[in-house]
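Residues 4 to 215 in this note's numbering are what the sequence shown lists, from first letter to last.
Please keep in mind that the hints were generated in silico from the structure rather than gathered at the bench.
Each hint should be verified, as a subset may be incorrect.
[What the hints assert, rightly or not] Derived pair list, reagent style DSBU-like, types lysine-lysine, alpha-carbon separation capped at 30 angstroms:
(1) K206 x K168
(2) K163 x K91
(3) K91 x K103
(4) K103 x K55
(5) K163 x K88
(6) K55 x K206
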Amino acid sequence: LVAADEAAQRLLTLGWDVQLAAGERSLQFARAISDRMVTDGMMDIMITVLEKRISATRRLASRIILVQRAFMIEILKAERAEDLKDAKRPYLTALERKVKEGGVSELWFTALWEEQIHWLAFKCDFTALTLSYGDPLGMSGTPHVIIRKTLWWLQGRFNKSFRDKGNILTCGTQNDGTSCGFIATNTLAHNTLGDDIWTPSLKIHDRLHWFN
4 LVAADEAAQR LLTLGWDVQL AAGERSLQFA RAISDRMVTD GMMDIMITVL
54 EKRISATRRL ASRIILVQRA FMIEILKAER AEDLKDAKRP YLTALERKVK
104 EGGVSELWFT ALWEEQIHWL AFKCDFTALT LSYGDPLGMS GTPHVIIRKT
154 LWWLQGRFNK SFRDKGNILT CGTQNDGTSC GFIATNTLAH NTLGDDIWTP
204 SLKIHDRLHW FN
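Take these sequences, add in the hints, and give me the full structure.
Rendered as structure tokens:
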């Protein structure tokens with residue numbers, strides 16, 4: 004109830020479809036408290052919040068990296084494995100350097116499975132040399148393009164044989180068609196920061212939390 008009251012007060016301060024400091028327009032930002040899917044920009048904002056929490060936790064900051072959509076945008080540009088082997092991609096090159104020089108053991112990210120219009124959470128484990136993901140709907144299909152191209156990058160730039168472990172990450176169970184973005188973000192928060200796992204009963208509370 005407190006969270007709902009807080010959200011109502013914040014709504015009163017937002018102009019109609021105006022640009023906000025966070026980069027989103029107010030009309031899109033307000034989707035967080037609707038029953039619609041979260042926007043791409045809101046996904047980046049939520050990951051930024053988690054990044055700050057990771058950075059503030061000493062035992063996690065040196066070994067875990069969370070990345071925004073920019074990572075997958077670069078990965079999906081590749082049309083063949085060779086496209087990700089060169090060092091002509093500044094964003095990926097900087098990320099690679101951070102992983103190698105910082106002793107990072109885990110890279111976490113969310114990605115939109117475009118064929119299904121469905122957000123998933125992913126983990127690159129640089130110790131076990133694995134790539135895994137969490138699908139809150141438990142679909143029978145597999146996000147082959149995301150997996151294949153991410154493995155191109157991992158194997159091409161780190162010179163090691165990474166394995167696809169599939170849908171094994173602990174994540175909440177989705178019971179609608181629009182909460183996947185919030186669940187994917189929660190999957191990162193649960194597995195790295197120990198947050199409570201998302202459940203349908205917490206759906207409204209979770210949306211209010213992110214809006215506030």
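Hint check:
| no. | hint | in the structure |
| --- | --- | --- |
| 1 | K206 x K168 | holds, 28 angstroms |
| 2 | K163 x K91 | holds, 20 angstroms |
| 3 | K91 x K103 | holds, 17 angstroms |
| 4 | K103 x K55 | holds, 21 angstroms |
| 5 | K163 x K88 | holds, 13 angstroms |
| 6 | K55 x K206 | holds, 23 angstroms |
The structure agrees with every numbered hint stated previously.
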